[in-house]
Amino acid sequence: MGVLHNLISIQDLTRDTIDMILDHARDMEPLAVKRSKVLDGKIMACLFFEPSTRTRLSFESAMLRLGGSVLGFAEAGVSSAGGKGETLADTIRTVERYADVIVIRHPLDGSARVAAEFATCPVVNAGSGAEEHPTQALLDLYSIRRMKGCIDGLTISLCGDLKFGRTVHSLAMALTMYDVDMILAAPKQLRMKPSIIAEMEKAGVRVRQVNHIEDALQDADVVYMTRIQKERFPDIREYNAVRGHFRLRREDLELLKKDAIILHPLPRVDELDPDIDDSPHAKYFEQVEAGVVTRMAILDLILG
Amino acid sequence: MGVLHNLISIQDLTRDTIDMILDHARDMEPLAVKRSKVLDGKIMACLFFEPSTRTRLSFESAMLRLGGSVLGFAEAGVSSAGGKGETLADTIRTVERYADVIVIRHPLDGSARVAAEFATCPVVNAGSGAEEHPTQALLDLYSIRRMKGCIDGLTISLCGDLKFGRTVHSLAMALTMYDVDMILAAPKQLRMKPSIIAEMEKAGVRVRQVNHIEDALQDADVVYMTRIQKERFPDIREYNAVRGHFRLRREDLELLKKDAIILHPLPRVDELDPDIDDSPHAKYFEQVEAGVVTRMAILDLILG
Amino acid sequence: MGVLHNLISIQDLTRDTIDMILDHARDMEPLAVKRSKVLDGKIMACLFFEPSTRTRLSFESAMLRLGGSVLGFAEAGVSSAGGKGETLADTIRTVERYADVIVIRHPLDGSARVAAEFATCPVVNAGSGAEEHPTQALLDLYSIRRMKGCIDGLTISLCGDLKFGRTVHSLAMALTMYDVDMILAAPKQLRMKPSIIAEMEKAGVRVRQVNHIEDALQDADVVYMTRIQKERFPDIREYNAVRGHFRLRREDLELLKKDAIILHPLPRVDELDPDIDDSPHAKYFEQVEAGVVTRMAILDLILG
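Chains as they are written, first to last, in my numbering: chain G, 13 to 316; chain Z, 13 to 316; chain E, 13 to 316.
No lab work stands behind these hints, which were simulated from the structure alone.
Bear in mind the structure is a predicted one, so any value in this text is a computation, not a measurement.
Misleading hints may appear alongside valid ones.
[What the hints assert, rightly or not] Okay, derived cross-link-like pairs now, DSS-like style, lysine-lysine, Cα gap no bigger than 25 Å in a straight line:
id, chain 1, residue 1, chain 2, residue 2
1, Z, 200, Z, 214
2, G, 49, Z, 46
3, E, 200, E, 214
4, G, 242, G, 205
5, E, 200, E, 175
6, G, 269, G, 160
7, E, 46, G, 49
8, Z, 200, Z, 160
9, Z, 49, G, 46
10, E, 46, Z, 49
11, E, 49, G, 46
12, Z, 242, Z, 175
13, Z, 200, Z, 242
14, Z, 269, Z, 160
15, E, 49, Z, 46
16, Z, 49, E, 49
17, Z, 49, G, 49
18, G, 242, G, 175
19, G, 205, G, 175
20, Z, 205, Z, 242
21, Z, 242, Z, 160
22, G, 49, E, 49
23, E, 175, E, 214
24, Z, 175, Z, 205
25, E, 269, E, 160
26, G, 200, G, 214
27, E, 270, E, 175
[Said to hold, decoys possible] Here are some chain G residues pointing at chain E (derived, C-beta under 10 Å):
id, residue
28, 46
29, 66
30, 68
31, 72
32, 77
33, 206
34, 216
35, 220
36, 279
37, 283
38, 304
Just so you know, even glycine gets a beta-carbon here, dropped at the ideal spot from N, CA and C.
If we strip away everything but chain G, and leave its shape as in the complex, we get (with noise of 0.2 Å):
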């Protein structure tokens, strides 16, 4: 009935696609504000069979602005699916018979995929595996074009834990429909995929790659950080050694263009200082609100 079917991955848009989502979000944001009736008696699934109170809360909380309810889990241990062995494929087909779009989270690579294949509602991935987190990618590009007016032309960098991240390997797909200049900064143990710098190169993407995070500050008009998780690494030496690499510091700033804005999907653990938390660059929590509006626009163009 709505404009979007289901949203599984990043790759399934088109940048028309793409921009008519911002667009909507943007049209979201006075009622973000002053609240909305639009969805009221429509009613959202949150299966998260993986604990994550902020793409929850999220999206409740979109759905809740614009008067709708919200049923469901935050972990699968009070799952059937958990507990009681049930596929995937019977948990969705029982679920849309109680709700009218299904919000899923899965630790499983392809897991959304295979709820939409089985689900007649739409069913949006709120994380599955470590490949894909579109809406985080969403939010991602609403932040910058709302912050930096724009995203064609500028130059990105993405800092941290490439190889791991599905919000890096999102957003790096969904950047691959710009024009932008992509700096890929993380330890070689954690570089992104030959495969998908391949393949932004393919689209058109200037992709430079740097072992520091100082060299993917002085070109940047966003800086797109993420955790560098300690259980990556097989000796606790090597973390140490790269730590302190992929750290932001309050110094580090005067590196940064003036009007450069520093991004992250949060939580954060010490890779953003938090003496620059009150810096005109830091913009992750502005990028949390813009989240808010993001998943507003996505549940109103599925519903609505």
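Could you slot chains Z and E onto chain G? The hints should help.
Chains Z and E in isolation, oriented as in the chain G frame:
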């Protein structure tokens, strides 16, 4: 205030009351689609001392479709009853100050009745111990009536674990109020208790017991399948010996009457082969939908 | 925007503010029954880093009765703060983008105040560490006023664990603003801290300490019981020696004034014998109800 107050056991209901509930469920069908505000301002407390996605989300969806709202917990661990040793009576006398109706799932037999004794607000049993699950029985009856046009005159096969399944106990007791033939197909370790069979026969139900599911198919208008749980068998070899006889496969469908329907309370494990899901006999996902309207009817009769 | 912003500690409030909250709670009584839409469109985030059914459901019921809606988590495990080591400051700066008010329960002293420092939206302390539980103190005051007509002039006995109970700390501090006599009955291991007693006396409260609950009954207008937790005693024999003196039994009620009332923050274990529940003195379940209207008043003063 409502037409119904508590709903604790099928055995508390007369056939007239059951028929009224089923009639009201039919009236709920259009509201399930276009939604309603008849329970606007009403609050349902879901107290799930034992996790159950399906039943909980079904009740929540029913309440939300009628314009009401929901609070509660999805597992005992996060409640005072779990963590601080509070008695059920105290939990109930507290929660009734927060809500207009209490929906309770509890691992102990008799717990829902205890809850109703202490509550001044209405209490609905969403599954207590191994014995009672009255709203499941009502939705099963409603599914049969919706799909077969009536209940009287039908031959109904209950298959699988008839000893421990609370669903089949409640359903069998409900069916004693109808003019039906019943076939009970269970491994000998999991047969229906003689006391229940005696009650069924006393009520005029014609009961036939068989050892294999194959013998339960030919005459049936309704085949009601249930899960056989491995952990019910002291010896895994016993389990392996019987499981093949209580699994429904594509080829078994040829034994069925042309218009026979297959129901299952779900979740299933392997007792329904997934390749029968697209057969016209397979009605277990429509049964999920019937669950929502049946619970809408119950909530509306209690609170409306 | 509201009349109140944060509610962190009883000690932040003047008597005038407290009286205004209690007056507003009285105004909420009819809305608690017939419900309202004054907070329609408003969102309350419940961040329970420590489980508490009672307080959480009481706040949720209050919010729903005023037409608002609720999101959040019921235990730290499902949050980034629990699982991913996020700081409380970051969690708060994120969640404030999702909600209009944050209600927080946290195991550490001072955590609610930290939350309020980082939040731009209002924060309500729903229990932090061993020290503060201001909304419980307010609902206790409201219960006393509703049931006794006034607070000034009363003799109030606090009984049980006066050392570790955050409820009695907040209540004792609140009562320093009233003209009351206070009897403190606790085992010697669990006596109220001298610093709190000194503050009470400095404020003009007449304090008397006794060792047995029997000595706290005769003069009391209000007997406020609390749980004595076994785990507070290094030696189980010590616990067994005192517990009998801090249990209220049917026969003890004869020592009470005719119109004395018994309150308890609940859950109880065995310090209130269940056979006093139907005595006219027993008001602890009405106190639960008073909790909902008090929290309605607080939410309405903050968001209305």
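Problem set entry | Hint consistency between residue 269 of chain G and residue 160 of chain G [alpha-carbon to alpha-carbon, up to 25 Å] | holds (13 Å)
Exercise. Close enough to count: is the Cβ of residue 77 of chain G nearer than 10 Å to one in chain E?
Worked result: holds (7 Å)
Exercise. Hint check: is the beta carbon of residue 206 of chain G less than 10 Å from a beta carbon of chain E?
Worked result: Where the cut-off is 10 Å and the nearest Cβ of chain E is about 29 Å from residue 206 of chain G, the hint is violated.
Exercise. Given the hint that residue 269 of chain E pairs with residue 160 of chain E, does the C-alpha gap stay at or below 25 Å?
Worked result: Holds, because 13 Å separates the two Cα atoms, which is no more than 25 Å.
Exercise. Should the hint that residue 283 of chain G touches chain E count as held when the rule is a Cβ pair under 10 Å?
Worked result: Cβ of residue 283 of chain G sits 12 Å from chain E, so the hint is violated.
Problem set entry | Pair hint residue 242 of chain Z and residue 175 of chain Z, alpha-carbon separation not exceeding 25 Å | holds (14 Å)
For this session: Classify the hint on residue 304 of chain G as holds or violated, based on whether any CB of chain E lies nearer than 10 Å to its CB.
Result: It holds, given that the least Cβ distance between residue 304 of chain G and chain E is near 6 Å, below 10 Å.
For this session: With chain E as the partner, please determine if residue 72 of chain G meets the hint condition of a C-beta pair closer than 10 Å.
Result: holds (4 Å)
For this session: Decide if the proposed pair is consistent with the structure: residue 200 of chain E and residue 214 of chain E, CA atoms, cutoff 25 Å inclusive.
Result: Within the cut-off at roughly 23 Å; holds.
Exercise. Between residue 242 of chain G and residue 175 of chain G, does the CA-CA distance stay at or below 25 Å?
Worked result: Distance ~14 Å between residue 242 of chain G and residue 175 of chain G Cα, so the pair holds.
Exercise. Within 25 Å, alpha carbon to alpha carbon, are residue 200 of chain Z and residue 214 of chain Z?
Worked result: holds (23 Å)
Problem set entry | Evaluation of the interface hint that places residue 46 of chain G against chain E, nearest CB under 10 Å | holds (8 Å)
Of the numbered hints stated above, those contradicted by the structure are hints 8, 21, 27, 33, 34, 35, 37, listed in ascending order.
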